[in-house]
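Trainee: As a plain string of letters, each chain reads:
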Amino acid sequence: MNKNSNTYQILYAAVMVLLVGTVLAFIYMALKPKQNENIANDTRKQILSALHIAPPSDAQVKDVYEKYIIQDLLVDAQGNVVDSADNVAFNVDMKKNVKLAERQLPVMKCKLDDGSTKYVLPVYGAGLWGPIWGYIAVNDDGNTIYGANFSHEGETPGLGARITEQSFQDEFKDKHLFVDGEFKSVAVLKRGQKTTNGAEQIDALTGATITSRGVSDMMADCLAPYEAFLKKMQTASNPAPATTAIESETNDNQPQ
Amino acid sequence: MLSKKNKEALFNPLSKDNPVLVQILGICSSLAVTASLEPAIVMGISVIAVLAFSNVIISFLRKTVPTNIRIIVQLVVVAALVIIVQQILIAYNYDVSKKLSVFIGLIITNCILMGRLEAFAMHNSPWPSFLDGIGNGLGYTIILVIVAFFRELLGSGTLFGFQVIPQWCYDHGYMDNGLMILPPMALITLGCIIWVHRARNKELQEQ
Chain A
2 MNKNSNTYQI LYAAVMVLLV GTVLAFIYMA LKPKQNENIA NDTRKQILSA
52 LHIAPPSDAQ VKDVYEKYII QDLLVDAQGN VVDSADNVAF NVDMKKNVKL
102 AERQLPVMKC KLDDGSTKYV LPVYGAGLWG PIWGYIAVND DGNTIYGANF
152 SHEGETPGLG ARITEQSFQD EFKDKHLFVD GEFKSVAVLK RGQKTTNGAE
202 QIDALTGATI TSRGVSDMMA DCLAPYEAFL KKMQTASNPA PATTAIESET
252 NDNQPQ
Chain B
70 MLSKKNKEAL FNPLSKDNPV LVQILGICSS LAVTASLEPA IVMGISVIAV
120 LAFSNVIISF LRKTVPTNIR IIVQLVVVAA LVIIVQQILI AYNYDVSKKL
170 SVFIGLIITN CILMGRLEAF AMHNSPWPSF LDGIGNGLGY TIILVIVAFF
220 RELLGSGTLF GFQVIPQWCY DHGYMDNGLM ILPPMALITL GCIIWVHRAR
270 NKELQEQ
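Chains A and B supply the protein sequences, listed in that same order. First residue of the first sequence: 2, per the working numbering; consecutive thereafter. First residue of the second sequence: 70, per the working numbering; consecutive thereafter.
One thing to keep in mind: the hints can contain errors.
Reference excerpt, derived from the structure (chain B facing chain A, CB under 10 angstroms, subset only) [as the list claims (entries may be wrong)]:
#, residue
1, D86
2, L130
3, V134
4, V142
5, K167
6, L223
7, T227
8, L228
If you're looking for bench data, these hints aren't it; they were derived computationally from the structure. We put the CB at the ideal spot given by N, CA and C, even for glycine.
Construct the entire structure; sequences and hints are all you get.
Mentor: The structure is reproduced here in structure tokens:
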């Protein structure tokens, strides 16, 4: 048979591609469960890292995660808990951009060794080359950030990829999400710039303007819907400041 | 099994005909994945596996491959093997697969592969082709490991992630060289290795 005839070449290519496709599909299906488990464990590690818990070995990560994460919640934009089944927040696919009104917001309630309660809120946004995501741990005062962990799919190594570095993530610690009772997400800005709305800010990464802006926008967009939920936590954990404020006002008024 | 010709196919690429040092192929990935030893070794093993098996497969097919589409056939074989390696890594060594990220996928474009398929596997029977693939893969891996050894030792003070430079050195003012972690120092390290290699092998020196 003539090796250079068109029929032979087309047949050869078609058969080869079919064979290769079948083999690859089979391998993909065979390895999928194991890969999904790895990806889930990696997510668990990211969540634990936001809580400042050193990532355990792969075999233990699930146990450690289940020890600290005591409850998964889904809340609505009014701050009401709508679902609290096991792993319901963990399984939320952040990629699916549900309309804000219908969005059910995942919250992971955690109890640390010192007995304090933290709430982990997932965030998801866009970097320069692809998606970036993260986990923000908030104290039970509904205001102070306890820790943050960011990951990315393909940001530039040495520039945008530095959002995964501990030194960057640590800057978010002890920042506040509310300024004078109003929700104002932490902004990521070039050193020397000031936020216009009075929100707290941290330094952006040198050479990674767009990724830094992405982190900033991601925090603002994804945390804003939690405002009602966080406010409820604030009143639950510390109702005192509001009343003292009113009292002091009335006290001020009395002498007049 | 190991005739003189086969021995040459296996051992020449380790030094005298090294794909990285002498042919200057596969530089891109050897700069990118050599910041520490573990990814360098995993990358090396991946390249050995892909190179050996694609050489064997192409060698088996060499009499049937239509000349006009031979490059496409070679690419399909290499790409399929690379995807298999990538999937296996995600399943069994997720952390390293994250570190290697795009570079496993880029094995497809590694010039060593296409070079060996075109120059060797298309004209030789499977067994010598297999040895040639192993030899060239090893030649590539050795260089990767040498570069990664120096970069990790001087850049992070560790080997395979374990601290090897003792704490008292840091206490007395020693500092890790952050530049070693960046790609430019990989190129310079590689240049030094090529220099030493040429100095020791007179027949490689141009007149």
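Trainee: With reference to the structure, classify each hint as holding or not holding.
Mentor: Comparing the hints with the structure gives:
no.	hint	result
1	D86	violated (31 angstroms)
2	L130	holds (9 angstroms)
3	V134	holds (8 angstroms)
4	V142	holds (7 angstroms)
5	K167	holds (8 angstroms)
6	L223	violated (18 angstroms)
7	T227	violated (17 angstroms)
8	L228	violated (20 angstroms)
Hint compliance for this structure: hints 1, 6, 7, 8 are not met, and every other hint is.
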